[in-house]
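Peer 1: Below are the chains, spelled out letter by letter.
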Amino acid sequence: MNTTSLIDVAILTPLIAIVGVLAFSRKPNMREAVSLIAGAVLLLINLKLYASFNQGEALSRHWLEILPGLNLSFRVDALGLLFGLVASLLWPVTTLYAIGYMRGHKEDKQTRFYVCFAIAIAAVMAIAYAENLFTLFVFYEVLSLCTYPLVTHAGTEKAKQGGRVYLGILMGTSIAFFLPAIIVTWLVAGSLDFQQGGIFPEQTPIALLSLLLVLFVFGVAKAAVMPFHRWLPAAMVAPTPVSALLHAVAVVKAGVFSLIKILVFIFGLDTLQQIPATDYLLYLAGAGVVLASLVALRQDNLKARLAYSTISQLGYITLGTLLAVESGVMGSAMHIATHALGKITLFFCAGAILVASHKSEISSMAGLGRSMPITMAAFFIASLSIIGLPPTAGTWSKWWLLTATLETDHLILMAVLILSSLLNIAYLLPIPLRAFFPGKQADAQATAIHEAPPAALIAICATASACVLLFFFPNPLFELVSQIFTEGTP
Amino acid sequence: MLSHLPILQVILPLLGAPACLILGRGKLAWLFALLVSALSFCIAAILLTTVYNHGVISYALGGWQAPWGIEYRIDLLNAWLLVIVSASSTVSLLAAQSSISTEISLDKQGLFYVAWLLCLAGLLGILATGDAFNVFVFLEVSSLSTYTLISLGPNRKSLWAAFRYLIMGTIGATFILIGIGLMYIMTGTLNMQDLAQRLPPASESSTVFAAYAFILVGISLKLALFPLHLWLPNAYSQAPSIVTTFLAASATKVALYLLIRFTYTIFPSEFSQLVIPLADIFVALGVLSVFSASIVAIYQEEIKRAIAYSSIAQIGYMVIGLGIGGVLGLQATLIHVFNHALMKATLFMALAAIAARVGATTLTSMQGLGRKMPWTSFGFVVGGLSLIGVPLTAGFISKWYLVSAAALTGRWPLVFLILLGSLLAIVYIWRVVEALYFKPAADNSPVKEAPFAMLLALWLLVLGNVYFGIDTRLPVSISSEAATALVEGRP
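Sequence order for the protein chains is A and B. The opening residue of the first sequence carries number 2 in the numbering used here; numbering runs sequentially from there. The opening residue of the second sequence carries number 4 in the numbering used here; numbering runs sequentially from there.
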């Protein structure tokens with residue numbers, strides 16, 4: 002098969018899987034097998050794309066022209082591969098986990114769940130390999146819409162409210178800010194293709210660029226830049242696998258991925274440095290990092306705490322990119338991968354605890370380490386990765402982000418990053434520590450609780466060990482992100 | 004035969020109407036009306052391709068050459084609208100029999116189709132003719148039959164709605180007639196092309212200005228432009244469901260066509276800029292339409308009424324495009340005319356299906372239908388997404404062109420007002436989505452999925468929304484050509 006058509010296959014595989022899922026909607030085992038196989042196939046396709054990319058093959062694909070000059074087209078580049086690989090690696094793992102979770106939790110409407118999940122993954126693939134901003138925007142909206150039924154899966158009043166906030170903020174910002182920014186960019190630059198060094202002509206007024214930058218940063222609300230972050234905690238009403246893959250990995254990372262793409266390949270780092278608005282946004286992102294961490298500290302609901310932690314970590318990525326230096330962008334790109342691994346593990350653990358012990362509040366989890374040792378150990382490892390301590394993958398991305406703040410003499414922002422890491426310790430580590438060493442608070446019921454379902458445990462162990470592995474073998478990741486700037490045209 | 008297509012376009016439904024009367028009631032009349040409407044659509048499609056490839060068609064009625072005789076003149080603008088109107092009539096008729104069987108008593112069903120065909124003939128006549136007085140005649144034909152159709156609605160309120168529309172519509176038509184009369188006094192001609200040539204020398208006179216004012220206000224009434232829109236919500240919500248589907252997709256579009264025809268072709272283009280700041284008035288009224296109607300739509304308990312208000316808002320967008328002007332603004336309007344016909348027909352068709360099965364379209368009666376009528380509900384959702392302007396639906400294309408036109412002319416506040424308007428659309432659409440999918444049904448009576456004919460028509464429209472959101476060549480190329488021709492004033 003021609004390697005270029007692999008891009009089509011990558012986007013279509015999850016969609017084809019839907020047919021299988023629907024066909025076997027009354028046979029859960031077959032239905033889940035279809036999802037798993039599709040996940041494995043998708044991972045293989047992305048690995049093949051990665052291999053071809055490393056051999057220097059230019060992979061691009063043109064689908065169709067929607068309006069004159071506005072195409073749906075795709076192209077493989079380093080950043081896209083990073084995102085595509087992360088998402089396709091974690092899809093089968095999450096499916097495995099979801100099997101354990103959804104059955105353990107006896108959720109209904111599981112077929113709809115798997116269908117929407119597959120559409121979301123297809124949209125993520127399309128976003129990852131989008132060649133231009135128009136394609137990215139189209140699938141960005143598809144992703145918002147197809148995750149709505151997932152967020153509101155429970156169908157309760159609370160789910161409805163959560164879904165309202167979720168869609169209201171995501172659609173609202175994308176229509177009110179993102180879309181006009183794209184249209185103006187199209188009118189000013191005459192193109193929406195991602196290009197090394199940006200696409201704006203030199204004489205573009207700086208005021209207009211500032212306005213556009215602000216519109217883009219707030220318009221891509223999936224990146225959860227404060228004050229448009231409320232959708233993320235609201236989305237936590239979703240079943241845990243959804244929170245894990247979509248709201249720790251796919252959707253939020255689609256947000257920061259879009260931001261990096263726009264800042265690097267639409268504005269270009271040189272232009273970005275000249276825009277006065279960049280500085281203000283930097284400090285806004287910095288403030289968001291600390292504020293979100295502080296809020297996380299006060300949350301007793303585990304999923305809510307993780308959600309705010311995600312907002313804070315997304316702030317790192319936004320901040321790193323806005324620094325407008327190569328090391329910052331590389332750090333941000335690496336953080337996409339490392340945070341994804343860490344955060345998905347934490348969510349898996351949160352779901353496992355919920356299924357096994359029906360506990361969702363942190364205060365009631367003391368002593369849980371005895372009955373769920375594997376889950377809690379994984380939680381500990383993933384926490385280390387989020388904090389950025391060796392021997393876990395998070396170390397590397399934080400290292401690069403800190404270097405970038407030094408390089409640009411933003412000492413305050415460096416202090417912000419360090420402060421936030423300390424806060425990470427304060428809100429994450431007590432959970433596993435008190436689970437293993439509860440002191441006198443030990444829960445008498447704890448003995449009645451057993452470990453999570455095996456399918457879920459396998460998934461947890463896989464992602465937790467990946468966190469550690471990536472610390473010892475960071476080279477492939479590092480090589481990939483260093484290619485973001487070396488390619489001729491992205 | 005082919006050279007007589009312009010008149011056949013109008014005469015076919017006009018003669019079909021009495022023939023329908025002879026055929027009597029029920030299925031036979033329906034099939035006949037459907038056949039006539041489908042043939043009209045074929046004629047319109049042939050006319051559109053002919054005009055697109057070979058330029059304007061001028062047809063002298065009875066062989067009497069214009070300006071003495073009546074001229075039928077088909078250019079891209081009206082060929083485009085002929086297709087839209089005849090297509091929406093055909094798709095609506097497809098579902099009509101299933102819909103009216105629950106809403107209209109059997110003995111009136113034959114008359115229903117007679118009125119429908121007359122209305123279609125009137126609308127097509129307004130579009131096809133190149134004669135100003137002929138416009139008035141067909142306007143009355145379509146209006147009178149529309150009043151009849153509305154008064155056939157399922158409850159007594161429809162009589163009152165029809166009566167109100169009758170009063171307002173008659174005032175509008177009279178204004179148009181006065182305007183045409185004044186123009187005739189000044190120029191001695193009724194042919195549009197002839198008027199366009201003879202008006203500029205007389206444009207200083209206050210009589211021409213009065214004519215212009217009467218015509219604008221008269222058309223705005225028929226168009227339901229804010230603040231002359233009050234007849235529309237009642238008329239649309241009380242009419243038989245399928246009539247609403249047809250009218251929402253066609254009647255206001257025809258009024259908009261008249262507005263374009265009079266402001267671009269007949270009156271000299273400098274006229275509208277010199278005497279009154281018409282462009283700014285259009286933009287202001289359009290924005291007011293969008294916001295006032297959208298906000299009212301949010302608070303409606305009866306969804307047919309909410310979507311009717313949404314129609315007023317969408318007319319606002321079209322008028323904004325006219326106000327922005329230029330090729331791009333006009334193109335935005337022409338694209339939205341087509342796309343709006345698609346999405347409104349989809350929404351009202353879904354509501355008609357719900358009305359046929361549940362008997363009402365209030366928010367409470369729609370609760371829980373997501374499970375009971377999955378295809379209809381999902382059709383409504385897609386139509387709603389298109390109305391909001393989500394990418395890969397037709398509505399997105401409209402929004403893209405309208406925002407581009409506003410941005411290119413440097414109207415930045417307008418850009419944000421347009422987009423804010425679509426945020427309001429999210430609110431009134433999502434209320435329905437939540438009722439359909441989240442609220443438990445009010446009672447547990449079993450509800451069947453909509454009748455097949457209605458589902459077929461609905462999903463034709465749904466697929467149309469998606470298809471024209473992806474393959475935009477047809478509306479984009481035609482609207483671009485038509486807009487250029489109008490702006491450059493090509494005959």
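Each hint should be verified, as a subset may be incorrect.
Once the Cα atoms are required to be at most 20 Å apart in a straight line, the calculated SDA-like pairs of lysine to any residue come out as [stated by the list, open to error]:
| no. | chain 1 | residue 1 | chain 2 | residue 2 |
| --- | --- | --- | --- | --- |
| 1 | B | Lys442 | A | Ala305 |
| 2 | A | Lys110 | B | Glu437 |
| 3 | A | Lys159 | B | Gln370 |
| 4 | A | Lys161 | B | Phe441 |
| 5 | A | Lys161 | B | Val361 |
| 6 | B | Lys442 | B | Gly492 |
| 7 | A | Lys49 | A | Leu65 |
| 8 | A | Lys110 | B | Leu427 |
| 9 | B | Lys442 | A | Pro391 |
| 10 | A | Lys161 | B | Val430 |
| 11 | B | Lys375 | A | Val166 |
| 12 | A | Lys161 | A | Ile38 |
| 13 | A | Lys161 | B | Thr487 |
Which chain A residues face chain B? A few, computed with CB under 10 Å, are given here [stated by the list, open to error]:
| no. | residue |
| --- | --- |
| 14 | Pro69 |
| 15 | Thr153 |
| 16 | Arg165 |
| 17 | Ala190 |
| 18 | Glu408 |
| 19 | Phe486 |
Hints were generated in silico from the structure; no laboratory data involved. Just so you know, even glycine gets a beta-carbon here, dropped at the ideal spot from N, CA and C.
Peer 1: Next step is simple, just say for each hint if it's right about the structure.
Peer 2: Do the hints match the structure? See the list:
no.: 1; hint: Lys442(B) to Ala305(A); verdict: violated, 26 Å
no.: 2; hint: Lys110(A) to Glu437(B); verdict: holds, 17 Å
no.: 3; hint: Lys159(A) to Gln370(B); verdict: holds, 17 Å
no.: 4; hint: Lys161(A) to Phe441(B); verdict: holds, 7 Å
no.: 5; hint: Lys161(A) to Val361(B); verdict: violated, 24 Å
no.: 6; hint: Lys442(B) to Gly492(B); verdict: violated, 55 Å
no.: 7; hint: Lys49(A) to Leu65(A); verdict: violated, 24 Å
no.: 8; hint: Lys110(A) to Leu427(B); verdict: violated, 31 Å
no.: 9; hint: Lys442(B) to Pro391(A); verdict: violated, 50 Å
no.: 10; hint: Lys161(A) to Val430(B); verdict: holds, 14 Å
no.: 11; hint: Lys375(B) to Val166(A); verdict: violated, 27 Å
no.: 12; hint: Lys161(A) to Ile38(A); verdict: violated, 32 Å
no.: 13; hint: Lys161(A) to Thr487(B); verdict: violated, 47 Å
no.: 14; hint: Pro69; verdict: holds, 7 Å
no.: 15; hint: Thr153; verdict: holds, 7 Å
no.: 16; hint: Arg165; verdict: holds, 7 Å
no.: 17; hint: Ala190; verdict: violated, 13 Å
no.: 18; hint: Glu408; verdict: violated, 37 Å
no.: 19; hint: Phe486; verdict: violated, 30 Å
In the structure shown, a violation is registered for the earlier hints numbered 1, 5, 6, 7, 8, 9, 11, 12, 13, 17, 18 and 19, in ascending order.
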